[in-house]
Amino acid sequence: MTGDAAATPLLSCRHVGKSFGALAAVRDLSFDVGAGEILGIGGPNGAGKTTLFEVISGLNPATKGAIVLDGQDITRHAPEQICHAGVARTFQLNAGFDSMTARENVLVGAYFGRSNRAVPTLRAGRAAHEAADAALEMLGIGDRADKVTGKLPVLDRKLLMMASAMATKPKLLLMDEPVGGLTAREVDRVMDAVRAIKAAGVTIILIEHVMRFLVRLSDRMMIMHHGEKIFEGLPTKLLDDRTVVDVYLGQGASDRLRSFMENTHG
Amino acid sequence: MKSVRRDILIGLVCLALAIALPIAMPGRYVITQSTLFFIWAIVVVQWNLVLGISGIFSLAQMALFATGAYATAMLGFYWKVPMLAAIPTAGVITVAVGMLIGLACLRLRGPYVALLTLAIAQVMYVLIVNDTDCFTTVGGCMPLFGGVRGIGQFGDIGLRALFPSKWYVAHYYVGLALLAVAVTISIVVIRGPLGLAFRALRDNPGYAMSRGISRFKYQLWIFAVSAFFTGIAGGFYAIHFRVVGPTVFSFSTLLFLIAMIVIGGLGSIWGPLLGAAVLMLADEGMRELSDYRNIGLGLLLAVFVIAWPNGLNGLNGWLQRSRASRD
Ligand SMILES: Nc1ncnc2c1ncn2[C@@H]1O[C@H](COP(=O)(O)OP(=O)(O)O)[C@@H](O)[C@H]1O
Ligand SMILES: [Mg+2]
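Residue numbers (the numbering used here), protein chains in the order written: chain A, 47 to 312; chain B, 8 to 334.
Don't read these hints as lab results, they were simulated from the structure. Please read all numbers here as calculations on a predicted model, not as lab measurements. Just so it is clear, CB atoms sit at the ideal spot from N, CA and C, and this is done for glycine as well. Check before you lean on any hint, since a few could be wrong.
What the hints assert, rightly or not - Computed beta-carbon distance windows for the label pairs: (1) B:Gly-34 - A:Glu-183: 34 to 42 angstroms; (2) A:Thr-54 - B:Gly-117: 58 to 66 angstroms; (3) B:Pro-118 - A:Lys-197: 51 to 59 angstroms; (4) B:Val-11 - A:Pro-199: 26 to 34 angstroms; (5) B:Gly-292 - A:Lys-197: 36 to 44 angstroms.
Claimed, not checked - No farther apart than 27 angstroms at their CA atoms in a straight line, the calculated lysine-lysine pairs in the BS3-like style are these: (6) A:Lys-193 - B:Lys-87; (7) B:Lys-224 - A:Lys-215; (8) A:Lys-197 - B:Lys-9; (9) B:Lys-224 - A:Lys-217.
Looking at chain A on its own, in the form it has when it is part of the complex (with noise of 0.2 angstroms):
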């Protein structure tokens, strides 16, 4: 499943630029993701990685460059439009309809977000609300569906974000850094999360602080810094290049990585 990016790219960025005002957030980034695998960005606060995921998935499109989903040119669709082609985010701040029930939260992705309804129906329909409780499985919280968003703990919202996101059945998932903010015992939770959505067949593209992390769950890796692409390949290359070990992790933090990978992979 690895590997194979460049044979049939599903997300494919071609001299992707984002500018607000004099500020250039991403600058002419060109990269592809392969079906199937599990790209995972890492890069300094401020590198544009946020920013990268709003030119996707449409809220705040690009300025310059082409995004091409499944041959399909999406650069300039609405945000609905983009998640009906298959591209569902997660978001880096707990976001969520925080006066509904978690269920609803969830159905509104089952709803919504699998095709455009040129004209809704009256009621949600048996589909949707089986799609939705199937989501809140999957990632663990079906008995967590009828506490209201707002109220649940942190781990449940993010958890509660990736069920709302499976929910739209994409082909595509962009997870903002999932584990800010948790527990070892809960970025474990999250990271059984991620291979199971993986099993599942969806493409992710994952940004993350937390490296040790990122390094398990991806198949390639890309470091972004000022915007641009400065390491892109994979993780066990990670830390030979030397760019990536000066501007952002350090040597310190290089050394207690490697021993980590070694243990883990050896």
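Fit chain B with the ligands to the known structure of chain A by using the hints.
Chain B with the ligands alone, transformed into the frame defined by chain A:
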């Protein structure tokens, strides 16, 4: 499923009580005041879809009500359209106007929506009142929209002719039937996919869009759905009072209806109806105070906004919670 059954139960009990009221209290005053209550309750229930469920601070609802009333009167006066056809047509015209207002508000947020919609209502009022050119001179000089005096003599739905001495009871039941349908529709909307989309856009627009909800499309839906019965209520108001004038734009009516929603409970299903009933009764109590009526209303509104932002409906939940914590 449980909450749906609860809604049906509450609805049927209220309906049964309302059907029995003219038998229990046959006085004309009570019955005509109750008919007015039905009209305001229809507007408030539809307004709640915009204000409470969708979180859009539109103050255009009275302008939409006026659109329905004026469209009904003008269709009857100028084109001699029978009222039973004019009222639904006015409903459709109101939907079109509502969608235009929704479109105008699309890029605006919070207080700016309130300002724009208030300005639209004000412009409509000024245009009607300041227009003194005679559009027709049949039966005296009459501006296109009737000017300050308003429009009369546009026809009736025939209940006055059918029940000469008890027509107001017949109107009571028409108002009740319209309210029952309006409430049923609002419940179906709130509990169904449309309500889900409205609430999703209210809670987090960006997240809603990235889960497949088009902000453009559902904003138009919100305004269209809430406009239809508001326009119908305007039409019924027109034939009930036999005259439509610029008083429907009055600020005190607007304040009165907002107070109903806020005091009843913004965004809840039964709160606005409860608020409408409570305020109609409170207004009855303050009738003797004339000038102080608006002050009393303003104070009541302020107290609720500050102390009980969830209204009477929220008070109910708060009582249940404090009872549960005592057990
Ligand atoms: N909406 C915006 N308007 C202006 N500048 C922005 C906006 N969003 C992000 N930026 C800027 O773009 C840069 C990249 O930010 P971001 O993509 O959030 O970085 P990362 O997710 O890698 O930490 C930062 O300098 C940030 O201040
Ligand atoms: Mg970020």
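Hints versus structure:
For Gly-34 of chain B paired with Glu-183 of chain A, a C-beta distance near 60 angstroms fails the hint of 34 to 42 angstroms. Checked against the given bound of 58 to 66 angstroms, the beta carbons of Thr-54 of chain A and Gly-117 of chain B, roughly 46 angstroms apart, lie outside it. In this structure the supplied range 51 to 59 angstroms is violated for Pro-118 of chain B paired with Lys-197 of chain A, their Cβ-Cβ distance being about 28 angstroms. A beta carbon spacing of about 30 angstroms between Val-11 of chain B and Pro-199 of chain A agrees with the range 26 to 34 angstroms that was offered as a hint.
For Gly-292 of chain B and Lys-197 of chain A, the hinted distance range of 36 to 44 angstroms is satisfied, since their beta carbons lie about 39 angstroms from each other. The hinted pair formed by Lys-193 of chain A and Lys-87 of chain B fails the criterion: a straight-line CA distance of about 56 angstroms is larger than 27 angstroms. With a C-alpha separation of about 22 angstroms, the suggested pair Lys-224 of chain B and Lys-215 of chain A falls inside the 27 angstroms cut-off, and the hint holds. Simply put, Lys-197 of chain A and Lys-9 of chain B have alpha-carbon atoms about 22 angstroms apart, close enough for the 27 angstroms limit, and the pair holds.
Between Lys-224 of chain B and Lys-217 of chain A, the direct Cα distance comes to roughly 25 angstroms. Compliance with the 27 angstroms bound is thereby established for this hinted pair.
The structure does not agree with the numbered hints 1, 2, 3, 6 stated previously, though it agrees with the rest.
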